[in-house]
Structures are given as C-alpha cells and as structure tokens.
Amino acid sequence: MSSLKQSKAIVIILSGPSGSGKTSVAKILLQKLPKLGFSISATSRPKRSSDREAVDYFFKTAAEFEDMIKNDELLEYDKIYNNWYGTPKEYVLNKLNAGVDVLFDVNYVGAKQIKEKLGDLAISIFISPPSLEILKERLVKRGEDDTDGINLRVKLAAEEMSDIKHYDFTIVNSNLEKTASEVLNIIKQEKKSRE
Numbered sequence: 000m001s002s003l004k005q006s007k008a009i010v011i012i013l014s015g016p017s018g019s020g021k022t023s024v025a026k027i028l029l030q031k032l033p034k035l036g037f038s039i040s041a042t043s044r045p046k047r048s049s050d051r052e053a054v055d056y057f058f059k060t061a062a063e064f065e066d067m068i069k070n071d072e073l074l075e076y077d078k079i080y081n082n083w084y085g086t087p088k089e090y091v092l093n094k095l096n097a098g099v100d101v102l103f104d105v106n107y108v109g110a111k112q113i114k115e116k117l118g119d120l121a122i123s124i125f126i127s128p129p130s131l132e133i134l135k136e137r138l139v140k141r142g143e144d145d146t147d148g149i150n151l152r153v154k155l156a157a158e159e160m161s162d163i164k165h166y167d168f169t170i171v172n173s174n175l176e177k178t179a180s181e182v183l184n185i186i187k188q189e190k191k192s193r194e
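Following numbering that gives the first Met the number 0, the numbering of the sequence shown begins with 0 at its first residue and continues without gaps.
Don't read these hints as lab results, they were simulated from the structure. Ideal Cβ positions, reconstructed from N, Cα and C, are used throughout, including at glycine. Heads up, some of the hints might be wrong.
What the hints assert, rightly or not - List of simulated lysine to any residue pairs, SDA-like, C-alpha gap at most 25 Å:
1. K187 x I39
2. K114 x N96
3. K135 x N106
4. K34 x V54
5. K190 x D119
6. K26 x K190
To be verified - Label pairs and their computed distance ranges (CB to CB):
7. L151 x K191: 37 to 45 Å
8. E89 x E158: 29 to 37 Å
9. P45 x N184: 35 to 43 Å
10. N184 x I68: 32 to 40 Å
11. Q188 x T146: 35 to 43 Å
12. S2 x K164: 29 to 37 Å
13. K140 x N70: 38 to 46 Å
14. A61 x G98: 28 to 36 Å
15. K154 x A97: 37 to 45 Å
16. N70 x G118: 18 to 26 Å
Could you build the full structure based on these sequences and the hints that come with them?
Have a look at this one:
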C-alpha cells in the first residue's frame, strides 16, 4: 500500500442530498481545475454494458470488496441497496502523491469516514438546497423517481441537513454558477493557506 508523501495536493469532499446540485458543481470544478481528479469508487454491483473499468468504477465481487474492508484498503465505504461502494485508499494516495487534488462526491457517511481518516488534508463542503420544498421541486423536474422515491429522498435530505455542523463549509445552492464559484474560491483559499 502506498503512503502519503510530501504533497500540496488536497482532498475536496462535496456532499449534499440528492438534488442539491453537488454533481453539477463537481462537473464544473473538473472543467475549471486542470489539477483536479475525480475519485473513482470500487463497487460490488454488477457491471452495466456502458460501464468502464477504472473509469466509472473498480468492479469487485462482494468477497473481494469485503477483503478490502478487512485489509483497511478503503478510505470510505457503505452498503447501498445490497451493493458495496467505497473508495480505494491506494488510488487516492497515488493521485495526491502525483500532486493531483482529489474530488469526492459522496454521501454524509462517506464524508465523515474520509474526514476521520484524512483529517486536515480533506476539506468538506456541504451543498444544501435553499429549502426542502425547492429540493422536492428539483427532484420532480429531474423525473427520475416516482412520488414515493421523491418523498424518501426529501426525508433523507432532512436527515443529512441536520448533520451540516460536521462540515468545514456549507453553501446554499440557489444558483449553480454562483455555488460553483464559491466552491472554487474555497479551494483556492485552502490551497493558498497550505503553501
């Protein structure tokens, strides 16, 4: 297993409820920051025809994934809908050692685990919707879930939003470009403070 060498690279954790805009913010950051890499998760879920190994996910059997847990090879992991998801430590350490900042788009469970393992090397940013009502409107417009699914996501969002005190920064996303700009400024300030 690799270890972390002297590097000025940092880990940026974006978290927030489904529909908060965190994935859209992540896409903007990846376009604007050339030395920013996206973390690739390992998963035990079946590979889909459109999935690419080591681009979309690192595909593992459930037994392989559980071995990774036992061997402390993951920065974070969680079981979602009977499939394991997690981030291999070695992949992230290799990026950081190469001077590449690493961006995570994870739920609050993953964010907490990463902060516990990486401490000040990681900055955590919670992307919040302006309100649960606006979040519900966004989820309806997105059209990916039925009414029960939307209601469940809103309920989970309320739980996640009650945990924001554990994040380094919180940004209310009422305008995507403005939110992305705020996150960019946070990253620049954090990097400058570490020089």
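Those earlier numbered hints the structure runs against, lowest number first:
The structure conflicts with no hint, since it agrees with every one listed earlier.
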